[in-house]
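Spelled out, the chains give:
Number of protein chains: 4
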Amino acid sequence: MTQSTQENLEYVDAQINVRYGETDKMGVVYYANYLVWFEVGRVAWCRAKGFHYRDMEAQHGRFMMVAETKCRYVAPARFDDDIIVRTAAGRSTDRIIRFEYLIQNKTTGQLLARGETVHVVTDTMCRPARLPDAYRHCFGLLPRPGSTKRSPGA
Amino acid sequence: MTQSTQENLEYVDAQINVRYGETDKMGVVYYANYLVWFEVGRVAWCRAKGFHYRDMEAQHGRFMMVAETKCRYVAPARFDDDIIVRTAAGRSTDRIIRFEYLIQNKTTGQLLARGETVHVVTDTMCRPARLPDAYRHCFGLLPRPGSTKRSPGA
Amino acid sequence: MTQSTQENLEYVDAQINVRYGETDKMGVVYYANYLVWFEVGRVAWCRAKGFHYRDMEAQHGRFMMVAETKCRYVAPARFDDDIIVRTAAGRSTDRIIRFEYLIQNKTTGQLLARGETVHVVTDTMCRPARLPDAYRHCFGLLPRPGSTKRSPGA
Amino acid sequence: MTQSTQENLEYVDAQINVRYGETDKMGVVYYANYLVWFEVGRVAWCRAKGFHYRDMEAQHGRFMMVAETKCRYVAPARFDDDIIVRTAAGRSTDRIIRFEYLIQNKTTGQLLARGETVHVVTDTMCRPARLPDAYRHCFGLLPRPGSTKRSPGA
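Chains as they are written, first to last, in the working numbering: chain A, 1152 to 1305; chain B, 1152 to 1305; chain C, 1152 to 1305; chain D, 1152 to 1305.
Treat the hints loosely; a few may be bogus.
What follows is a list of derived Cβ distance ranges for each label pair [as the list claims (entries may be wrong)]:
| hint | chain 1 | residue 1 | chain 2 | residue 2 | range |
| --- | --- | --- | --- | --- | --- |
| 1 | C | Phe1290 | A | Ala1209 | 41 to 47 Å |
| 2 | D | Asp1233 | B | Lys1200 | 14 to 20 Å |
| 3 | C | Thr1258 | B | Thr1258 | 46 to 52 Å |
| 4 | D | Leu1262 | B | Gly1212 | 29 to 35 Å |
| 5 | C | Asp1274 | D | Gly1201 | 33 to 39 Å |
| 6 | D | Arg1295 | A | Asp1206 | 55 to 61 Å |
| 7 | B | Asp1164 | D | Thr1258 | 19 to 25 Å |
| 8 | A | Gln1210 | D | Thr1258 | 34 to 40 Å |
| 9 | B | Ala1226 | A | Asp1233 | 32 to 38 Å |
| 10 | A | Leu1160 | D | Gly1291 | 38 to 44 Å |
| 11 | A | Thr1275 | C | Arg1198 | 40 to 46 Å |
| 12 | A | Ala1209 | B | Lys1200 | 32 to 38 Å |
| 13 | B | Thr1258 | A | Gly1178 | 23 to 29 Å |
Below, simulated DSSO-like cross-link-like pairs (lysine-lysine); rule was C-alpha separation at most 30 Å, straight line [as the list claims (entries may be wrong)]:
| hint | chain 1 | residue 1 | chain 2 | residue 2 |
| --- | --- | --- | --- | --- |
| 14 | A | Lys1221 | D | Lys1221 |
| 15 | C | Lys1257 | C | Lys1221 |
| 16 | A | Lys1257 | C | Lys1257 |
| 17 | A | Lys1221 | A | Lys1200 |
| 18 | B | Lys1257 | D | Lys1200 |
| 19 | C | Lys1221 | C | Lys1200 |
| 20 | C | Lys1257 | C | Lys1200 |
| 21 | B | Lys1257 | C | Lys1221 |
FYI, nobody ran anything at the bench for these hints, they're computed from the structure.
Virtual Cβ for every residue (Gly too), placed ideally from N, Cα, C.
Isolated chain A (complex conformation) (with noise of 0.2 Å):
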């Protein structure tokens, strides 16, 4: 995640306000609950994409299955903090889908931890998939020969 494939990188901004549940007991927020968060980030993605990730689930049977996740946390989020997570599509197939997340707090505009997940397209048993061609250019990926479904509501 260089400064330059940043600059680069279309986020969607999704906000969050800290809920007391989700800090521990040294006052700030406990760390797994940033992968949340990136999770909260993927779906205001997906939906500023055009699609909810729910359908793709309901509906073709396709699951973005974690299969990996990295997080830097750079300063601590607090109770009622009004949170912006930034998310971008990284470098992705129809097989293997990266996000890239940028969490930063909305009023000071401090960036609080950055992370990114890698993702496995799979069907409802677990096994590898690939991403619906409806889907395909949501993430920037050219349709395949034959094929012509574009849009993923349809």
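With chain A held as given, fit chains B, C and D onto it using these hints.
Here is chains B, C and D on its own, set in the frame of chain A:
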């Protein structure tokens, strides 16, 4: 949940060590996590009665959906405390299951919380259903006329 | 929590979008998460009354520790559903605070759950304490004789 | 985290039974929960080294704040699976602590995930600090010149 009822209940004990992520900024366990512990208690109760709750779901397509829950918080639990979750089945039918719980600090014996849950037996579509016959005796229910199966593991 | 009481309650609404991690293998929202949503509702209620709950903790050293909670689950919530958490203060004193909640599906208006929480005002050591005078009017309590402060933000 | 490194690492094992609430609608354990399990592993590692992590916080005012985390998900974990969390300390200093983790299905021995966390030692205000001398040997660090204390429990 009266005192006299409690004396007659057969409790099954499960042990838990408080996780860091279960605490909140107040330095004590976040209140929603007691319901997670109740569920740990239910699973242990099932095991003590000779069956795995996941088998009821997987083999019989029956779920014990939570319909109601209550919890009284008596004293706080803290990170790394050893906790005992004591679970007993309450008055149940083959459609409505009840559990009662006591949460205690294992080291001091202090009562930390007490609660109860009411469950509706459902099928995989969340529709009301009947407890599989093989599980009736686990909940103190007599066999239904004409029923022959008794062991949930069979 | 009777019908007549409800009609007189002033509810404050907060909106939530169901997170993937809030669901469980049954495909619906895990029951403990409704208590997390209650807390989101409480924080929104405080904000609507003109104060931030975190300020009560940080500036006054007073906490609203949960002493009791109840929830009735009426219909399941699912991933990506838009949810309304409706929160009202119930009968309270400067030592015992009560909240009541309605959880609704925003799109269909369907009632999903209703619940209540009872809180004991404590100091930073979890000992019983009194609500700071500046917050009394937020809970419909008259000023104490001799008290002059009114605004919790002051 | 190379193979050769692993062979030299001394792993401490902790056992977990997968909770219902740890699964998601896909029917497998939600990815953020592996980080919760890493923490369970760290606490067990500390205990195996002769100290309680909470004592480092309570008695010495030192925290191991997470600065970075990585996880590779190899195979899914499911409700009621018995899980082994294997934790080893990686290359550490008195300011930066590293842990490595293997998550295995206890019954089948299958590797489910592997990960690592990097921690910065901080004081109670989240400022960088030094590991208390009494804990140095637990992390394979030589005593500092002039230091005499050795036991973290002392």
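Outcome of the hint check:
Distance hint for Phe1290(C) and Ala1209(A): a CB-CB separation of about 44 Å, consistent with the stated range 41 to 47 Å. Roughly 19 Å separates the CB atoms of Asp1233(D) and Lys1200(B), a value that falls within the hinted 14 to 20 Å. At about 48 Å, the CB distance of Thr1258(C) to Thr1258(B) agrees with the hint of 46 to 52 Å. Between Leu1262(D) and Gly1212(B) the C-beta distance comes to about 31 Å, which sits within the given range of 29 to 35 Å.
For Asp1274(C) and Gly1201(D), the hinted distance range of 33 to 39 Å is satisfied, since their beta carbons lie about 35 Å from each other. In this structure, Arg1295(D) and Asp1206(A) meet the distance hint of 55 to 61 Å, their C-beta atoms being roughly 59 Å apart. As the Cβ distance of Asp1164(B) to Thr1258(D) is approximately 23 Å, the hint placing it in 19 to 25 Å holds. At roughly 35 Å, the beta-carbon separation of Gln1210(A) and Thr1258(D) lies within the given 34 to 40 Å, and the hint holds.
Ala1226(B) and Asp1233(A) have their C-beta atoms about 34 Å apart, which keeps the hinted 32 to 38 Å range intact. For the pair Leu1160(A) and Gly1291(D), the supplied restraint of 38 to 44 Å holds, since their beta-carbon distance comes to about 40 Å. In this structure the hint that Thr1275(A) and Arg1198(C) lie 40 to 46 Å apart at CB holds, the actual value being about 41 Å. The hint said 32 to 38 Å for the Cβ distance between Ala1209(A) and Lys1200(B), and at roughly 36 Å that hint holds.
Our hint of 23 to 29 Å for Thr1258(B) and Gly1178(A) holds, since their Cβ atoms are close to 25 Å apart. Pair hint Lys1221(A) plus Lys1221(D) holds up; C-alpha atoms about 4 Å apart against a cutoff of 30 Å. Restraint check for Lys1257(C) and Lys1221(C): the C-alpha separation of about 22 Å stays at or below 30 Å, so the hint holds. As the CA atoms of Lys1257(A) and Lys1257(C) are separated by approximately 26 Å, the hinted pair is consistent with the 30 Å bound.
For the suggested pair Lys1221(A) and Lys1200(A), the alpha carbons sit about 24 Å apart, so the restraint of at most 30 Å is met. Restraint check for Lys1257(B) and Lys1200(D): satisfied, since their Cα atoms lie roughly 23 Å apart, inside the 30 Å limit. A threshold of 30 Å between alpha carbons decides the hint, and for Lys1221(C) with Lys1200(C) the separation of about 24 Å falls inside it, so the pair holds. Taking the CA atoms of Lys1257(C) and Lys1200(C), the gap is near 23 Å; set against the 30 Å cutoff, the hint holds.
At roughly 25 Å between alpha-carbon atoms, Lys1257(B) and Lys1221(C) fall within 30 Å of each other, so this suggested pair holds.
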